[in-house]
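Starting from the known structure of chain A, fit chains B and C onto it as the hints suggest.
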Amino acid sequence: MENNLGEIFYNGKIVDLQNMQKAQTMEILNDLRDKQAISKEKIDICLDKMRNI
Amino acid sequence: MNTKVSLENELVNNLQELTTAEQDELRVVSSVYIDEYEKLKTEKIKSFENSLYEQIRFYGKNPDLYQKQINGFLKKYEAMLDLLIKEYNTRFIAVNNELQDTQNNQKIAIVNIKFSITFNDEIKRKASESKKDNYEIVMQECVRQLSSCKDEMIGKINEIFYNKDKQLSTGKQSIFEKIKNRFFGKQKIENFVIQPVEIELVRLEDTINNELTNINEETVMNIAVIKDARMQTQKIFNNMLKGQGDYGE
Amino acid sequence: MENTIAINSRPSLEAIKQAKESIENAKGKEVQNMGSEKVEKDQKVIAEIGKALKEKEKEDKTVAKEEKGESR
Chain A
1 MENNLGEIFY
11 NGKIVDLQNM
21 QKAQTMEILN
31 DLRDKQAISK
41 EKIDICLDKM
51 RNI
Chain B
1 MNTKVSLENE
11 LVNNLQELTT
21 AEQDELRVVS
31 SVYIDEYEKL
41 KTEKIKSFEN
51 SLYEQIRFYG
61 KNPDLYQKQI
71 NGFLKKYEAM
81 LDLLIKEYNT
91 RFIAVNNELQ
101 DTQNNQKIAI
111 VNIKFSITFN
121 DEIKRKASES
131 KKDNYEIVMQ
141 ECVRQLSSCK
151 DEMIGKINEI
161 FYNKDKQLST
171 GKQSIFEKIK
181 NRFFGKQKIE
191 NFVIQPVEIE
201 LVRLEDTINN
211 ELTNINEETV
221 MNIAVIKDAR
231 MQTQKIFNNM
241 LKGQGDYGE
Chain C
1 MENTIAINSR
11 PSLEAIKQAK
21 ESIENAKGKE
31 VQNMGSEKVE
41 KDQKVIAEIG
51 KALKEKEKED
61 KTVAKEEKGE
71 SR
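Protein chains in written order, with our numbering: chain A, 1 to 53; chain B, 1 to 249; chain C, 1 to 72.
Some chain B residues judged to face chain C by a derived CB distance under 7 Å, without partners named:
#1 Glu8
#2 Ser30
#3 Asn96
#4 Ser130
#5 Asn134
#6 Ile137
#7 Glu141
#8 Val220
#9 Lys227
#10 Asp228
Derived EDC-like pairs (lysine to aspartate or glutamate); straight-line CA-CA distance at most 16 Å:
#11 A:Lys40 x B:Glu136
#12 B:Lys235 x B:Asp133
#13 A:Lys35 x B:Glu17
#14 B:Lys46 x B:Glu78
#15 B:Lys86 x C:Glu24
#16 A:Lys22 x B:Asp35
#17 A:Lys40 x B:Glu8
#18 C:Lys17 x B:Glu217
#19 C:Lys20 x B:Glu217
#20 B:Lys235 x B:Glu129
#21 B:Lys39 x B:Glu78
Ranges of calculated distance between the beta carbons of each label pair, as one might list FRET restraints:
#22 C:Asn8 x B:Glu10: 30 to 38 Å
#23 B:Leu7 x C:Val39: 21 to 29 Å
#24 B:Glu36 x C:Val39: 22 to 30 Å
#25 B:Gly72 x C:Thr4: 54 to 62 Å
#26 C:Asn25 x B:Asn191: 46 to 54 Å
#27 C:Lys20 x B:Asn13: 35 to 43 Å
#28 A:Asp48 x B:Asp82: 47 to 55 Å
#29 A:Asp48 x C:Glu24: 39 to 47 Å
#30 C:Lys20 x B:Thr3: 48 to 56 Å
By construction, these hints were calculated from the structure, which means they are not laboratory data.
Computed from a prediction, not measured in an experiment: that's the story for all the values here.
By construction, the Cβ of each residue, glycine as well, lies at the ideal position given by its N, Cα and C atoms.
So that you can see chain A by itself, here it is in the shape it has in the complex:
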């Protein structure tokens, strides 16, 4: 969303990645991966619902 490589829009605010501690960055990364997993689960549930119409 942002043009500056070091920034992302995360949890409703702009986060500056470049001045972040590694532990914090890892936390964000894991959270983003969890989000992807959750979206995929929701997709599976959605497809299941479609099958049972």
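Just chains B and C now, with coordinates in the frame of chain A:
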């Protein structure tokens, strides 16, 4: 009808959410990657620069007198760091391209699952579901390779560009040595600093050129592993569509 | 599991050939630009998906598109 439309909207929204999280992940991963190599590069150049200053001072001369030569050396040193980094960047970008293509192909497979449900096409549905699952495996491999790429680059930089100022033993000099350097310092710097550094830089260039070839070969194999996995995915999909459930049996 | 792929540490010659092409493509790019390139690519894919869902009869087109995408 209402439910069908709302389920479709739900599907698109979920795909959009997935996409946004992927985009954010890419930004974080890229940011961390760039940040790490830039920091390391700066550290290595600074260390080399300090070692040059230390060595010149050791022979009793002011490093400012040698600034032009020092700048020349630093420029060459940096250029070689850049060559190495660029080679790993190519790998990083190539792996990311595979990841992105796979992410998008998976989304299309998901939509095809939806269509095969709509048209009651069991064969197509199972084939598309396998495809979706296989793409997941491909993506895991991509993520693994991205992590390795960064670690290998850092390791290789540390291996080739060791911290010079930690290697020096510029211990205390006796009065006698200090007096000698007053008269012979300039020649000593030429013999013991300038020339050895010039030779070192040539040796380094050779090392780097060899490494670039090795790194490129490894990149080819890494990407080929991903391509191979994608090709297998497609092959299984095609076989399943033909009704050959078990990979051609 | 029969229909599951395995990561093959000895990829085929065809895979190696494709890899070399992709790497050539990657050489001209910058790490900094990857984020915005993905956003562009994604916009197209999501748009195509949205369109395909609206045109249910054209379901075969989507499969063809996906299979075409594999040969890149």
